[in-house]
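Next come the chains, spelled out residue by residue.
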Amino acid sequence: MVEVLVSFILISGIAMSGFRRVNLLNRGFALQSLSIALVCLVKGYTSGEYHYYILFLLTLITKVIIIPFIIDRSIKDTKKKRETELILSGNWSYILLGISVALCFVFLRDFSDYLFKVGCILIITGIILMMGRKKAVTQMIGLLTMENGIVLFEISMVKMGSIIEFGIVFEMLIMAMVMGVMVFRINKTFDTINTDYLSNLKE
Amino acid sequence: MKYIIYFIQSLILLALTPLFIGIIKNFKATFRGYKGSSVFQPYFDLQKLFGKDRVISKSSSFITAIAPIISLSSSITVIFLIPVFFNAENSYYGNLFIIFFLLGIIKFLSSLLGLDSASTFGGMGSSRELFISMFAEPIMFILVAFLYLETKTFNIFSISLINSEGFKYNVAHTIAAIGFAVLLMVENARMPVDNPETHLELTMIHEAMILDISGRDLAYMEFAAYIKLTAFITIFINCFFPIGITYSLNLSSICIAFAIYILKVLGVLTVISIIESTMAKFRLFRIPELLSAAFSLSLVAIVINYF
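Protein chains in written order, with my numbering: chain D, 1 to 203; chain G, 1001 to 1307.
Simulated from the structure, these hints should not be mistaken for laboratory data. Some clues are possibly wrong.
Derived contacts from chain G toward chain D, CB cut-off under 7 angstroms, selection only [said to hold, decoys possible]:
#, residue
1, Phe1044
2, Ile1162
3, Glu1165
4, Ala1293
5, Val1300
Even glycine gets a Cβ: it sits at the ideal position worked out from N, Cα and C.
Required output: the full structure, derived from the provided sequences and hints.
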């Protein structure tokens, strides 16, 4: 069961790396977070530890419902629906991510846990989304995808206390809100959410 | 005895092929909210076309005369080389490479057919078809390599038998199945790549190549395309989700396996019709993006299977 969910996380990560429409990216992010929440639920059921259930509830509420709603609002406010000028084209993003997934699995072949490797892959997906795109909304989704990867690290590797899980989740929520406001402000100031124009602020 | 059942199951699949196409058309009509044609309509279409004579353009060569019948015969050969719902071991035939190369003959001959009658639409369709298949063939061979690395055999009967034992839907298997599903849509000119319903539009690919033939030749080409879709769906089901396929000669277990097979095909047809009625067709130069996603998925599947 965990393996099917892990494959959904991996497929959503690979698919998200090349999407241009911000709506689709948002849906992919929600699907990915839902899969992560269900992984937490299954882990909690098999191990019987209560903090997995807390993480499941927090992930479900913040990342599946609230954060996609915030992103949706900022897309609607700014009316920028798709990425037009890419630094890294869709084809190359897919192929680059495929090669990096291969390298991840080669270098981490001593770890038997899939969640650790998939966490690494989500961080690489986030990096590709942040570096290869120009729109602020896409970069925000890239950062949130990296955070998803960190959550996967956390449930696979070390057993942290619930307080750190709370910390990660709320940090992410606040970050999404702040970035939503920032995107709105950038759009109001420059009439675009292309982050290249931010260098005009130097004067 | 088992070879007789192989023969009979392939005959049943051949007889059911137009029905599957009718089911897709009916499902799509239902999703769009109108009452579609009967599910038996493709049988009547084929009957009408088979009753007509052939009309061949004066400027065409021998390719137009032979291409439709060779396409049909190679697609029928493929149907007789794959397991459907009964599968005991078979060491005489069933190599995946032979199956995919026989399906490649259809593509080769239909692109020649598009060029042959020297009309502008046909040449455009052929160039588009080859442009897409240039990206699709590597994915197909990577997926065949994945199946080999998973089961250590190229024989589709053995692959299906090994994959049907036990519950082995791990990460690599699921990802490779998604990659094959994309390949299925691309190879059969279904919706995100090509619209199978339109005629005389500048975007068509498969229909553009067979625009210049009519009558019995058109029936041969249409039936070959139908059989290609059915063969791809059957290969998809029997390589990736073969649970329920039977290897005993008992009549009741064969009936149960047939019912499970029909249910799985109906599931795949439902998914195809949902995708076709909800998605818009991609621009031609966006198609390589879809295919590079499928390439990335199949590469990842091989790597995960290996490590």
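_A closest beta-carbon separation below 7 angstroms is what the hint needs, so does G:Ile1162 meet it against chain D?_
violated (18 angstroms)
Restraint check, 7 angstroms cut-off on beta carbons, for G:Ala1293 near chain D = Status holds, d = 5 angstroms.
Given G:Glu1165 was flagged as interface, is its beta-carbon under 7 angstroms from a beta-carbon of chain D? This hint is violated: G:Glu1165 lies away from chain D, its Cβ roughly 17 angstroms from the closest one there, beyond 7 angstroms.
Let me know if the C-beta of G:Phe1044 comes in closer than 7 angstroms to any C-beta of chain D, holds or violated.
Result: violated, 40 angstroms to nearest chain D Cβ.
Original post:
Per the CB criterion, is G:Val1300 less than 7 angstroms away from chain D?
Top reply: holds (5 angstroms)
Checked against the numbered hints above, the structure violates hints 1, 2, 3; every other hint is satisfied.
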